[in-house]
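Add chains B, C and D to chain A, keeping to what the hints say.
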Amino acid sequence: MAVQSPSLDDPRVLVDTPAAIVDAIPPYAPRSEREAEFYALGDGQMLLNIGPHHPATHGVLRIVLKIEGERIVDLDPVLGYLHRGVEKLAENADYHHSIAYTDPLEYVSSLFNELAPVMAFERLLDLRVPRRAEYLRVLSCELLRVSSHILFMGFMALDMGGLTPILYSFIERDEMVDMLAALTGQRMLFNYMRIGGVNGDLNHEFLSRLGDWMSRAGRQAEAISTLLNENEIFVKRTRGLGAISRGQALNLGLTGPNLRACGVPFDVRRAHPYSVYPELDFDVVTADEGDTYARYLVRVEEIKQSIRIIDQVLHEMPDGPVMARIPRRITPPPGRAWAAIESPRGQYGCYAMSDGTDQPYRFRIHDPSFVNLQALVPILPGCLIADTMAVNASLDPIMGGVDK
Amino acid sequence: MNVVPRSAPRIPALWLLLFALGGLGTLVLLVLIVGILSGVIPAIVIWLGGVILANIAIVRFIVAATAILLFTIPTAFVIIFMELKVIAFMNLRIGPNRVGPWGALASVVHGLKVLSKEDFTPTGADPTVFTLAPVATFVGSVMAFMVLPFGPGLFGVDLNVGLLYFFAVGGLGVVGLLMAGWASFNKYSLLGGLRSAAQMVSYEIPLTLSVVGVIMLAGTLSLNGIVQAQSGSFLDWFVVRQPLAFLIFFIAATAEANRTPFDLTEADSEIVAGFATEYSGMRFGFFFFAEYVNVFLLSGLAVVLFFGGWTSPIPWPWPIHFALSPLESLIAILVLLIVVPVVASFLLAIPIWVIRTRLSFARAFAMGMLLFGPLATAAVLIYLVINLDALLGIIWFFAKAYVFVFTFVWMRATLPRVRIDQLMGLAWKWLLPASLVNLFITALAILVVHP
Amino acid sequence: MLAGPVRQRHDQTEIRIAAGDVVDVLRTLHDDPAFRFEVLADVAGVDMGDSMQVVYHLWSETTPDWLRVIAVDLSRDDPRVPSATFLWKGAEWMEREAYDMFGIIFEGNRDLRRIYMPPDYTSFPLRKDFFLADDAARSPGQGVRHMEQVHPPADSEAPIRRARGR
Amino acid sequence: MIPVPGKGIAKGMALTLRRFFEPKVTVQYPEQAPHIAPRHRGRLELLYDEWGALKCETCFQCAMACPIECIDMGGTDTRDRFHVHWGPPEQYAERREEQALRRSGRPVPDPAFRSFDPADTSRLDALLDAEDYDPQRLLPILEGTQEIYGYIPVAAIKHISNATGIWYAEVYGTASFYEHLHLEPPTSHTIGICRCPACSLFGSGTIRTVVEQAAGVALGGTTPDGTLSLEPSDCHGENGGEPWVTFDGIRRAGVTASNAALLVRAATGAREVGGMPAGQA
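Protein chains in written order, with the working numbering: chain A, 1 to 404; chain B, 1 to 451; chain C, 1 to 166; chain D, 1 to 281.
Since the hints were derived computationally from the structure, they do not count as laboratory data. Please note: incorrect hints may appear among the correct ones.
[What the hints assert, rightly or not] No more than 25 angstroms apart at the CA atoms, straight line, and that leaves these computed lysine-lysine pairs for BS3-like:
id: 1; chain 1: D; residue 1: K24; chain 2: A; residue 2: K236
id: 2; chain 1: A; residue 1: K66; chain 2: C; residue 2: K89
id: 3; chain 1: D; residue 1: K7; chain 2: A; residue 2: K66
id: 4; chain 1: D; residue 1: K24; chain 2: D; residue 2: K11
id: 5; chain 1: D; residue 1: K24; chain 2: B; residue 2: K429
id: 6; chain 1: A; residue 1: K66; chain 2: B; residue 2: K187
id: 7; chain 1: D; residue 1: K158; chain 2: A; residue 2: K304
id: 8; chain 1: B; residue 1: K187; chain 2: B; residue 2: K117
id: 9; chain 1: A; residue 1: K236; chain 2: B; residue 2: K117
Next up, chain A with everything else stripped away, as it sits in the complex (with noise of 0.2 angstroms):
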């Protein structure tokens, strides 16, 4: 028997039977197992959308959670609300216009979308890039990895209800983007990781503003800890909430935080060393519950160790250009290349192919909150509602980058 499925348009459906619009049957067939599977309501089941446009969906995710009361039975989440189709867009602009494309996908850490392209094309050019841009690199990205650790803060205590800990971090994130934009003359879509070195020396501004906010470096971020590690309420909600185990971690492919709070120490600044890390002093953070605890309290750990890793950068900085010599139209040789780097969220990675031409011939973001989102679903079955904003919160996922 044909289902005639219920449409939004038809007045009827709204007036008479609103029971059938809250069954929300997908108004087509179902495309695999696992969507018949899931939109196959049991007794006393609903669907309920969060999303798209939620307050507590980090941009414009839509989870369809099916649930029973309060309690989650299954859940979908639907992408695609914010492609851009960046790829396709890269493959059909030159090698330097792909870099622009790639800056508003992880917008909250642009600089971290730049570099991997960037390193990528690099490999493919067999280009080898001065020590000073190697450092600068370095120190801008781990300065962005600390604004973006303080804005995952504060974005999982507005996600549990504090409203608090978000305005702290946007002070410090505030600084940050300021400080940056004297370096690289933008505030927030960077564009500053050119094939080759970095867009600018540093200069007067940047260092008096970054001297300035070392000298009370993480405050902020210490002020949000002090409002959450130890909250009753807070630690009462985040631990034992949405725990991987170790298997199941790199079973599901997380990367980043995520799976160093279940216990495995996989950094790509130290599993597979780039730029200039191998010279480096600094912890991979770790933790073994794997719980949303765990993964914010990696985070935490992590701005210290990010700050640490500035004030060497600071130390070390040698002299000399920051720009290889390379033509404005850049054809590298056919080839492959794949680089990865360790982004705030995960393993970033770029997988670049050449034809000669000067577009790359495939160009493939590897985003690591696409990923990671991807946890959901085997962790969030058995919580509750308000739960699926913790652990998403802890997942720390910008759609920007899900969606490319």
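Just chains B, C and D, lined up with the frame of chain A:
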């Protein structure tokens, strides 16, 4: 061209109004004169006075209800402004600072905005219930005000089951939230409504049980009686004798008022706005108002039950009481306000005039007025405060109540939100046993001390 | 089992295998204690112009290199490759993405449906015969075609950009 | 350490209370201008040189290089005839409306293309087909267009732009760059005067004044009835001792200030009185 001839000279609107008023005034005067001369009006007045005197309770009720309805609106505005400003300050922000002094009118403008917005009823909603829900919530809050004593003699009704009435009527607000959640035809609203129902039902029990100790100590259910039982110094307040009860009461009251960390019914990061998701315009405004009125209400109740209500923390050491009748005190106030500054200014200005400085007499007089006017006003105020218990009581009551309002706001700025199962667990596993224990201990203590 | 020479460049080792061998190769790489490739870094589709490829990037603590496994020579009309979800559940969405963008069918993926594009979408955007509405490559140095302008759609005879070299 | 219940909450409450009294970080924006780093490059602006002249040469390089096509250039040419618009049409609201109208098949009232008169494009289509709609063969296409129409009308430019995908501004730019391509209908007669120093020495300046006065238009213009246009021509240093004046492209020798008006009269059909232009008599 077809010219319309001017039929009347143009009279300014103001003059027209004055003419009309003058005519009306003459008419009224005529009627009055005729009425008084014929004895009709005195008869009516006497009759009315008799009616009022005979139904003094009803008149009092009507006056009190009107006063409280009028009082809730500025209260809500003040608390909303406080919430905006205090949370902003705690966030290291400035907060509203454009409308009015320090942005104090921001909440008023908010209210006007809400009033001017479209009142939207979603398709699929039940229009009747949807419309009645905010009214039910608001009426619940306002009705509970009737028994709250603001000062000595300043209360709507002194019911002998005042506390019971308070909780009963306060529980009415839940019905409104539940109605809103059901009628909105929205899953978020439904969840919010159900959450609020579960939360209120759970927290009513510890809230009520925690108060039983106070009732036993005071020996009355009347809120006035409870306040009078605490008169004396701050050591007589029930918070000293019932600290555990106060703690339970405060937590349960936070949950009752839907405040952070228990604001699950409208948890914005979870279920968008809970029961209020589909509300807009003044219907939403009613919910909003009711919430803040509730905050004040529960703060006031906390003050009445545990912090001595309108009594001052330290008994007034100098019992100065000019035993003046109201008429005499009115004359005294007038004298203070009008005669004293003038006389004082003359006294100040005359020597200046005599010495013939460069200061003119008029200027010296004006300066004297400016100097002594405020002084006289202050004197009048102090006189009033000393002499009228009601005024002093109201000041104490509001000061204490706003400390609690501040605490509510402060908690909202600091704490994250609890989860629904933890919320229920807290109510049933911790607060309920604790309040029962408190009850037994109090009963035992009363048995031991006053057998 | 290898379908092409092993290459090494920078910090990447590349092996090429046929689509049929993906299961065996990945399982060996994942389970064999000598390899222990535990982290699946990436799954990507590639349209070579005349055939399709699926590219896996793997990481193991036993080797300093990234391992790139390329399943080569998938038919452009019916590209099929076994899913890697039996080893890494996290490959599911990456495979969904490759399906969405290239139309590569991963057999064994329980949730193979579109992930970015709307469900009623019919094209596979990252294929090389899908021209952008404003495709600068179509008129070199000249400018841009606009969406509303009449121009040859994807099924025209305009040449597909094919991969030169490797 | 024994956990004291409520300790974390108390610490947090203490922190917020402390912060309540701390100085605030808000920047009151319009009153208090934020500091913008000298390196900031988030502002698009046109620079002026030290004499106050606009440095932009309208070379369209920036618009072409902008990866997200946010730079858009537009304006009218010096004679206010051709609206040059560079950049994707999606960027402007009125352009969007124009497209909506066009898609729905309704006429497009667009003030930006007032001078757009429809032209029969069947021959142009054949030409474009022969040239394979190839943007790189723009010059042959434009030359062929001029052969078809005698000049290059706006309709043809728009048609070429639509058919080949070349931006309108680029077609216009190419057409206006080459001297042998004309953007105006050909007039019946043309008087050309050379303005080089050699010719000026022999009196071309006075001839120019006389001719301009007689025709009532300035050099480079066309009389309102379209019978005569004056254009600068070039003697290439071969004037042979007298000013270089051409009539319909053919050199006329022996033209002086006294008989130059005759040339104008010959072109306009001698309908003038006493040196006043025909239109004003």
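A quick look at each hint next to the structure:
At roughly 32 angstroms between alpha-carbon atoms, K24(D) and K236(A) are farther apart than 25 angstroms, so this suggested pair is violated. A hinted pair counts as satisfied when its Cα atoms are at most 25 angstroms apart, and K66(A) with K89(C) qualifies at roughly 21 angstroms. The straight-line distance between the Cα atoms of K7(D) and K66(A) is roughly 37 angstroms, outside the 25 angstroms bound, and the hint therefore fails. The suggested pairing of K24(D) with K11(D) holds, with an alpha-carbon distance near 21 angstroms, which does not exceed 25 angstroms.
Note on K24(D) and K429(B): the hinted pairing is violated, with a Cα-Cα distance of about 42 angstroms set against a maximum of 25 angstroms. The suggested pairing of K66(A) with K187(B) holds, with an alpha-carbon distance near 12 angstroms, which does not exceed 25 angstroms. Simply put, K158(D) and K304(A) have alpha-carbon atoms about 61 angstroms apart, too far for the 25 angstroms limit, and the pair is violated. Between K187(B) and K117(B) the alpha-carbon distance is near 24 angstroms, which keeps this suggested pair within the 25 angstroms criterion.
Between K236(A) and K117(B), the direct Cα distance comes to roughly 40 angstroms. Violation of the 25 angstroms bound is thereby established for this hinted pair.
Hint compliance for this structure: hints 1, 3, 5, 7, 9 are broken, all remaining hints hold.
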